[in-house]
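Chains as they are written, first to last, in the numbering used here: chain X, 1 to 291; chain V, 292 to 582; chain A, 583 to 873; chain Z, 874 to 1164; chain L, 1165 to 1455; chain D, 1456 to 1746; chain S, 1747 to 2037.
Rather than coming from a laboratory, the hints here were simulated on the basis of the structure.
Every residue gets a Cβ at the ideal spot worked out from N, C-alpha and C, and that includes glycine.
Distance condition first, Cα-Cα at most 20 Å in a straight line; then the derived SDA-like pairs of lysine to any residue:
#	chain 1	residue 1	chain 2	residue 2
1	S	Lys2025	L	Thr1416
2	L	Lys1443	A	Ser792
3	L	Lys1443	A	Val825
4	A	Lys861	X	Pro288
5	X	Lys279	V	Arg507
6	Z	Lys1152	D	Tyr1663
7	V	Lys424	X	Val124
8	D	Lys1734	D	Val1656
9	S	Lys2025	L	Gly1409
10	Z	Lys1152	D	Pro1743
11	Z	Lys1152	Z	Asp1102
12	L	Lys1443	A	Tyr790
13	D	Lys1734	S	Leu1964
What the simulated footprint calls covered on chain V by chain Z, stretch by stretch (three residues with Cβ under 8 Å from a Cβ of chain Z suffice, anywhere in the stretch; the number is not a length):
#	segment
14	418-426
15	465-471
16	565-577
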Amino acid sequence: MQSVLPDAWAPAVAGAIAIVLVVLVALVTRNVANRLITRVVRRASSSNGSSIAGRLRGKQNIPLEGLDAVAAERRRQRAETIGSVLRSVASVVILGTAVLTVLDRLSVPIAPLLTSVGIVGVAVGFGAQELVKDFIAGMFMLLEDQYGVGDVIDAGAAAGTVEAVTLRITRLRDNDGRVWYIRNGTIVRVGNESQGWARAVVDVPVAYASDIPAVRELLQQVVDDMWKDPAYRDAVLVEEPQVWGIEQISDTAIVFRISAKTIPSRQSEIARELRLRVKSALDRAAIPIAG
Amino acid sequence: MQSVLPDAWAPAVAGAIAIVLVVLVALVTRNVANRLITRVVRRASSSNGSSIAGRLRGKQNIPLEGLDAVAAERRRQRAETIGSVLRSVASVVILGTAVLTVLDRLSVPIAPLLTSVGIVGVAVGFGAQELVKDFIAGMFMLLEDQYGVGDVIDAGAAAGTVEAVTLRITRLRDNDGRVWYIRNGTIVRVGNESQGWARAVVDVPVAYASDIPAVRELLQQVVDDMWKDPAYRDAVLVEEPQVWGIEQISDTAIVFRISAKTIPSRQSEIARELRLRVKSALDRAAIPIAG
Amino acid sequence: MQSVLPDAWAPAVAGAIAIVLVVLVALVTRNVANRLITRVVRRASSSNGSSIAGRLRGKQNIPLEGLDAVAAERRRQRAETIGSVLRSVASVVILGTAVLTVLDRLSVPIAPLLTSVGIVGVAVGFGAQELVKDFIAGMFMLLEDQYGVGDVIDAGAAAGTVEAVTLRITRLRDNDGRVWYIRNGTIVRVGNESQGWARAVVDVPVAYASDIPAVRELLQQVVDDMWKDPAYRDAVLVEEPQVWGIEQISDTAIVFRISAKTIPSRQSEIARELRLRVKSALDRAAIPIAG
Amino acid sequence: MQSVLPDAWAPAVAGAIAIVLVVLVALVTRNVANRLITRVVRRASSSNGSSIAGRLRGKQNIPLEGLDAVAAERRRQRAETIGSVLRSVASVVILGTAVLTVLDRLSVPIAPLLTSVGIVGVAVGFGAQELVKDFIAGMFMLLEDQYGVGDVIDAGAAAGTVEAVTLRITRLRDNDGRVWYIRNGTIVRVGNESQGWARAVVDVPVAYASDIPAVRELLQQVVDDMWKDPAYRDAVLVEEPQVWGIEQISDTAIVFRISAKTIPSRQSEIARELRLRVKSALDRAAIPIAG
Amino acid sequence: MQSVLPDAWAPAVAGAIAIVLVVLVALVTRNVANRLITRVVRRASSSNGSSIAGRLRGKQNIPLEGLDAVAAERRRQRAETIGSVLRSVASVVILGTAVLTVLDRLSVPIAPLLTSVGIVGVAVGFGAQELVKDFIAGMFMLLEDQYGVGDVIDAGAAAGTVEAVTLRITRLRDNDGRVWYIRNGTIVRVGNESQGWARAVVDVPVAYASDIPAVRELLQQVVDDMWKDPAYRDAVLVEEPQVWGIEQISDTAIVFRISAKTIPSRQSEIARELRLRVKSALDRAAIPIAG
Amino acid sequence: MQSVLPDAWAPAVAGAIAIVLVVLVALVTRNVANRLITRVVRRASSSNGSSIAGRLRGKQNIPLEGLDAVAAERRRQRAETIGSVLRSVASVVILGTAVLTVLDRLSVPIAPLLTSVGIVGVAVGFGAQELVKDFIAGMFMLLEDQYGVGDVIDAGAAAGTVEAVTLRITRLRDNDGRVWYIRNGTIVRVGNESQGWARAVVDVPVAYASDIPAVRELLQQVVDDMWKDPAYRDAVLVEEPQVWGIEQISDTAIVFRISAKTIPSRQSEIARELRLRVKSALDRAAIPIAG
Amino acid sequence: MQSVLPDAWAPAVAGAIAIVLVVLVALVTRNVANRLITRVVRRASSSNGSSIAGRLRGKQNIPLEGLDAVAAERRRQRAETIGSVLRSVASVVILGTAVLTVLDRLSVPIAPLLTSVGIVGVAVGFGAQELVKDFIAGMFMLLEDQYGVGDVIDAGAAAGTVEAVTLRITRLRDNDGRVWYIRNGTIVRVGNESQGWARAVVDVPVAYASDIPAVRELLQQVVDDMWKDPAYRDAVLVEEPQVWGIEQISDTAIVFRISAKTIPSRQSEIARELRLRVKSALDRAAIPIAG
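Throw the hints in and build the complete structure from the sequences for me.
Rendered as C-alpha cells:
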C-alpha cells in the first residue's frame, strides 16, 4: 500500500490526496447510486401499476373513473417507500467503505474494529434474518402491487380490510373491529377479494320427495327476477346468477346450488337477498325445505 | 504497524500518544453515538405516536380528551426503552474496539483472547438467536406502537389484557385471571381489540315455518329500540345496529344475523343485551325459536 | 503482481494495457455468456414444450388444433423469462469481477469495500434465502412447464385458474373471485386439472331393502342414455361412464358409485347432470333413496 | 512477537515476566468479573422481586404477610443460580485466554490444539444450540420471575404445580400425579394461575320456554346468598359474583353465564359450589334445565 | 510458485509447458471420471434391478413373462439419468480447477473472480439447498428403484399413477385426472401399491340379534364360491379370501370382516364384488344388516 | 517455528525432545482429564440421586426400604455411562492435538490432512447435529435422573414402561406390548408416572331429576367404605378419596366427580373398583344413571 | 516446505522419497483403519445381538430354538453393512489426504482445486444433510438392532412388516400389500410389535340394567375356558386373560374390559375369538349388549 513513496514528504501528500479522492469518489458514487435507484424503482412500479388498471378495466363492465389517478398515487407512494430503503442500504455500504479506506490510509489499525463489529454483527445477524425476510417480502409485495390500503384481503393469519402497508408489516382491521399487525415475511400467500369480482354461492336443501324439475324452474325464476331488478343488475351483479343444479344427494336432502357473480365485497349481501327470495318462493310453491 | 519508528524512544512515545488518542476517540465517539441514538429514536417514536392519536380521533365520534397526554407518555417510555438497548450495543462495540486497539498497540497478543471469546461466542451465538429475535421484534412492536398497557390483544398463544411490554416479552392477563408471559419473537401476528370499535354479532335461529318478513320486522324493531335507548346510543353503540338478513338455511333452522358496532371491549355486553331483547320480543310475538 | 516491471515507465504502461485487456475480456465474456444462456434455455424449454403437445395428443381422442401454436408461444415466453434472469446474474458476476480486477490493478485497496459489502451481504443473504428459493422454484416450474396461464391448478395454499406466472409468484383466481398471490418456493406440489381428462364421481345411496340388481341395471341404463346423447358423447365425455358397483355398506345405506371421464374442467357439470338423471330414474322406478 | 529481544538472556527473562504477568492479569480479571456479575445479577433480580410484591399487593385486598420474606428468599436463590452460571462462563473465557497466551509465549504451536478443539467444538456446537437456548430461556425466566416453586402454571406441553426450576428445565406435577420435566427453551409462553386472582365461569342451560327474567332474578339471588356467606366472602371470593346474562341461544337451550372472581387456585371449588346452589334453586323454583 | 526459474526465458517456457500439462491432465481426468461414473452407476442400478424381478417372482404364483425385459430397460434408463448428472458435476469441478490453474499460471489475479463468484454463490447456495435435496433424493429413488412409470404410488402429498420420474420431480395422475408435480425432496415416504399383491378388506355389519355362527358360515360360503369362480381364482385372487371373524362389537352392530388378497390394483373391484355377493347372500338368508 | 536453531544438529535434537515432550504432556493431560471427569460426574449424579430418595421419602407415608440401595446403584450406573462418553471426547481432543503437533514438528505438511478431514467433517457435521442433540439430551436426562428402568413414562411419541436408557435412545414397552425406541433429542417433555403418587378420577353421571344431596351422601358413603377397607387403605390409597361435587351440568346429565390419590401405577385399578362400588350403591338406592 | 535442500539434486531426491513415503504411509494407515473398523463394528453389534436373544428368552416361556442362529446371522449382516460404509469414509479421507500431499510436494498449486471442490462441496453439502442424517440414523438403528427383516413395526409414516433395512431406508409392506420406502432419518420413534408379547384388549358394552356381578362372573368363565383350551394355552396365550372390570360408565353403556397377553402378532386373532365367545356367552345368559 505504501508503493508510491519517492521521498520523505511524498507519503503524507499522497495520503492526503488519496483521502480526498476517496471521499470525493464516495460522495459521487452515492449520488449516482441514489438517482439510479430512484429511477429503476419508479419505472418498475409504474410498469406494474398501469397493468393493474388495465387488468381491472379489461375484465368487467364497471366504470373505472378515477382508477388511473388512484393507481398513479399508489405507484408514487410505493416507489417512494422502496426507494428510501434501497438508498439507505446503498449509503451504508458506500460510506462504510469510504470510512474504512480512509482509516486504512491513515495507518489506523482497523482489524480490532472489524472484530468488534463482526462479533456483534454475527450475533445480531442471525436474529435479524426474520427482519430482512419481512423487508424483502414487503418490497416485492409493493412492487407487485398485491394489495393496497382499502382492499379486503385474506393473509392467512388474519383477514380484513387493509389499513396500512409498510415494508415490515401489514395492518388489517377484521370484521369484528380487531386491528391485526402481520409481519410481511410470514405471509406465504395472500388472497385479495377486491380485484375484479366476487361470487355468492347459495345452497338450498329440499326434501327428497320434492318435484325436482319444478324446484329447478322455481329457482331459475328467482334468479331471473333478481337479474331484472335494476337495484342489482349492473349495480351489483356482474352477470345473471346461475342455477348450477343438484350439488349433492346427501343422506338428509337434495341440495341445489345457485351461483351469482357480483362486484367485490358485495357477495354476502347478495347471498342473503337470494336466500330470502328463495325461501319466499319455496313457501309460495309449498315446497318443503329439507330437515 | 511499527511503521513510524525514527529512533529508540520514539516507538514508546508514539505508542503512548496512540493509546491516549484511541481512548479519547472512543469516548467521544460513544458520546456522539448515544446522543444520535436518543434523538433518532425519539423522533421515530414521536412521529408514530402522534399518528395514533390522529388515527383514533379521525375514525369515530368519541371524545378523546387526555389521549394526547397518554400518547405522549407512551411515546416517551418507548423512546427510553429502545434507546437504552441501542446505547448499550453501541457502547459495547466502541469500547470493545478501543480495548482491542490498545492491547494491540501494547504488543499484547490478542489472537488467544479472540479465539477464546470466539469459541464461546459462536456456541452462545447460535443459542441466542431466539433472544435477538425477541429483542428485534419487541423493538419494532414498540416503534410501531402495536399495543400498550391496558389494551386487549390476541397474541396467538394467548389473549387478554396487556399488563406489561418489555423488549423481550409481553405480559397478558386473560379472562380467567391467568398471567401469560409471551416471548415477542414468537408473536407472528397481533390482533388489538382496543383500537376504534368492536362488533357484536348475534345469530337468531327461528323455525322453518316462521313468517320471514314478520321476523325481520320484529328484529328491526328490537335494534331500533336499542338505538333509541340513551343508555346505549353514543355511550356504547357507535352506530345503529343492523339486521343483516338470513345468514344460513341450515338443515335445522333459518338463521338471522344482527350486527352492532360498539366502542372497544363492550361487544359481549351488547350481544347479551341484544339476545335478551330478541328473546323477549320473539316470546311476545309467539314466534318459536328453532330447535 | 508487479512481476512484469522492466523500467520506470513500464509499470504504468503495463497497468494500462492490463486494464484495457480486463475490460475487453469482460465484455467479450459477457457477450458470449448471454448468447450461450439464450441458446441453452431456448433448447431446454422447446424440448419440453413439444413433449407436452405430444403428451396431450397421445392420450385422448380430442382435436388439438392450435395446441402447437399455443405451446410454441408459451415456450418462447418461458425462454425469455428465464433467460433474462440468468443473463442478469452472469452480467453481475462478470462485471463485478472486472471492476474488482481494475481497482486492484490501480492499487486501490479493495479489502474495505469487500468488508462493507460482505457484512451487508451476509445480513441480507440469510434473509434472501426465501427469495432465491422462490426464483429457483419458479425457474424449474417454467422449464418443466408444470402449468401456464389459463390452467386450473391446486397449489396447496389455494386453488383456481392461473392468471399469471412470474419467477417469484403465481397469481390465481379462485372460484369465489379471490385473487391469490402464492410464492413459488412455498409450493411443494402442484395439481394441474387441465391436462388430459377429469373424472366425475357420483355416489348414490339407496335403502337397504332395495332390489340391488334392479338398481344396478337402472344406473347402467342412465349412463347408457347419457353416452348416447350427442350433447355429451365426445364433446364432453371422453369414454362411456361406468357403474362401479357397491362402494360401501354403511350403517345407513347401500352406496352405489358411478364414474365418468370428461375433458378437463367439465366434471362438476357432468356430475350434476348425472345426479339429476339418476334421481329422475329412481323416482320413475319408485326406488327409495336411503335416508 | 519477538520484538523485544536485545541480547541472548533477555528473551527468556522477558518471556518469564510476560507469563507471570499474564497469569496475574487473568486472576485479577476473573476476580473482578465474578464480583461484577454477582453485583449486577443481585441488583437485576432484586429490582424485579420487589415489583412482584408490589404487583400482588396493589391489585387485591388480601393480606400479604410473609410475602416480602418469600420474595426476598426467591430473589436470593435466583441471583445465586444465575450468578453461578455466568461466573463459570467468565472463568472459562478468561482462563482459556490465559492458557493460550502462555502457550504462545512459550513458543508452543497452538494451531493444532485450536484445530482439534475447533473441529470437536463445531460438531458439538451445532448440537448444543438447544442446550444454550434452554439456559438463556431459563435465565430470563428467573430474572423476570415468571414463576416459582409452588405456582400453578400452564407451560403448553404440560400444566401443573411447579416443583423445581433450574436453568435448563422446569419440573411440574400435574393433577394426576405425573411429574413433568420440560426444557425451558421449548416453552414459548407460560400461563401463571397463581398471581392475583382467578375466575370461575358457570354456564346454566335452561329450557326455551323458561321465564327469562325470573331465571335471571333467581340466579342473582343465588350469587347474592353466596356473597353474603362468610365462608366465601373475602376468604375465597375477591368480589361479588356476577350474572352476565344470556351467553348463547343455541339450538338446544338458552344458556346463562355466571362469573365469580376468586383468589388463585380456588376457582374449581367455587364453580362446583355455584352449580350445586343453582341446581337446588332451579329445582325449588321448578324451572327445568334444558335437555 | 515461481520456484523453478533458472534464466530469463525459462519462466515463460515453463509456464507454457505447465499450462499445456494442466489442460491435458484435466481432459484425461475428465475422461477417466466419466467412464468410471458410467460403469459404477450401471453396476449399482443393474444389481438392484435384477433383485426386483427376483422379488416379484419369488413371492407370487403369477406369470412374469416380459418382466425381465422391462426391468432391463428401466435399469438402463436409470443408469443414463443418474450418470448424466454425475458426469456434469465432475466436468464442472475438473474444468473449473483447470481454468483457475491456468489463470493463476498466467499471473492473472483470480482473487476478484473468486470473490464475485463467492458472494453470488453463497447467496444462491442457501436458496439452492432444496434443489440439491431434490436431486439427491431423486438419485437414490432411482438407484433403489422405489417406483417406475406406471406404478400406483402414495407419495404423501398426492397419490396416483406415476407418469414420469426425473431427478427433481415425480409426475403423477390421480384418480380424478389431476396431474401432480411433486418435488422428490419433499417425499419422506413412498407407498408403492404395484408390487406383489394388494388386499381387499370388506366389513359387514349385522344386527345384534343375528345368529352369529350362521352368519359366519354364510360368509364362508360366499368366499368359497368366489374362490371357485375361474374368473377370479388365479386371475385376480392370489389366495382364497378369508373370513376373519368379529372385528368389532360397537354400539350399533356386530361387524364381521372379510379379507381377500389380490394382484395389485384390483382390490377395489374385488371388494365391490364381495359386497354384492354378501348382500345377496344375506338377503337370501333373510339376515338383517345392522342399521 | 524454527526459531531455536543454533547449529546443524540442534534442530533435530530439539525436535526429538519436543516430540517426546508433546507425547508426555498429552498422556498426562489425558490421565488428569479422565480422573477429573470421573470425579465431577460422580459428584453431580450422586448429589441428584440422593435428592430423589429424599423427594420420595418426604412426600408420602410409604415404606421406602431398599430405595437407598436402588438409588445408589442407579447413581453409579449413570456416572459410568456419562463418564465414558466424556472421557472419549477428551481423549479424541487431546490425542488429536498431540498427533497434529508431532506431525507439525516433523515438518510434515498437515494442511492437506486438515482439508480432507475438514471437508468430510463439515459434510458429516451438519448431518450429525441430531446425533449430538440426542447425546446431550440423554446426558442431562441421566444427570437430572428424570426417569430410570422400570418407571412408567409419557415421552410424547409413546408412553409405557422404561426398559432401557442409553445416551442416544430410550426404550419403552407400551401397554400393547409394543417396544418403542425413542431418540432422546426428540423428547421435549417427559411425564413420569412413577414418582410419589397418582390420582384416579371417576365421573358419575346421574339423571337431572335425581335428589342431589342424597347422591352426594351416597357417594361419600362409598368412598368412606373404601377407605376403611384394609385392602386399599395405606396399601394402595395414599389418602381418603374425595367427592368433589358437581363437575358439569351438561345437556344430558348432572356429573359428579370422585378423586382418589393412590401409589403410582395403581390408579386404573382403583378407578375400576370405585366404578363398581358406585354402580352397586346407586342400584341399591335406585338412583338412575343418566342416559 | 523447501527447508531440507542442501544442493541442486537434493530437492528432487528428497521430493521423490517424500512422495513414496506418503503413499506408503497412506496405504498402511488405510489398511490399519479398515481392520480396526471391522473389529470394532463386529464387537459392537455382537454384544448387542446376544442381548436380544437374552431379552427374548428371559421374558417368556416360549421355545426359542434357532433364535441364536438367527441372531448370529443378523449380527454378521449388520457388522458387514456398517463396516463397509465406515471403511469407505476412512478410505476417502486417507487417500484424499495422500493425493493432496503428493500434489503439494510436486509444487502443483492445489488452491484452485480446493476452491472448485469447496464451492461445489458447500453447495452439495447443505443439500446432503438429509442424506447424512439418514445414514447416521440407519447406522445406529442397526447397531442397536431396533428391528430386523420380518419384524412388524410402526415407523410413524407407515406400519407393516419389514422387508429390508439399508443404511438409508427401511422397506415395509403394510396390511394392504402396499410397499413403503421410509428414509431412516425421518423416523423419530419406532414401535416394534415383534418383541416379547402383545396384548389383545376387548371392550364389552352391556346395558345399564344388567346384573353387574353376573356379567363379571360370566366374562371370567369365558376367559377361563379359553385358557383351558390347549389350542390357545401356551401356544398363543402367554398368561391367563384377565377381566379388568368396568372401564367406563358412559352415557350409553357400562363397558367391561378384558385383556389377554399373547405371543407377538397374534393379538387380533385372539381378540376376535374372545369377542365371538363373549357374544355367545351373553346370548346364552340372555344379557343384552348395550345399544
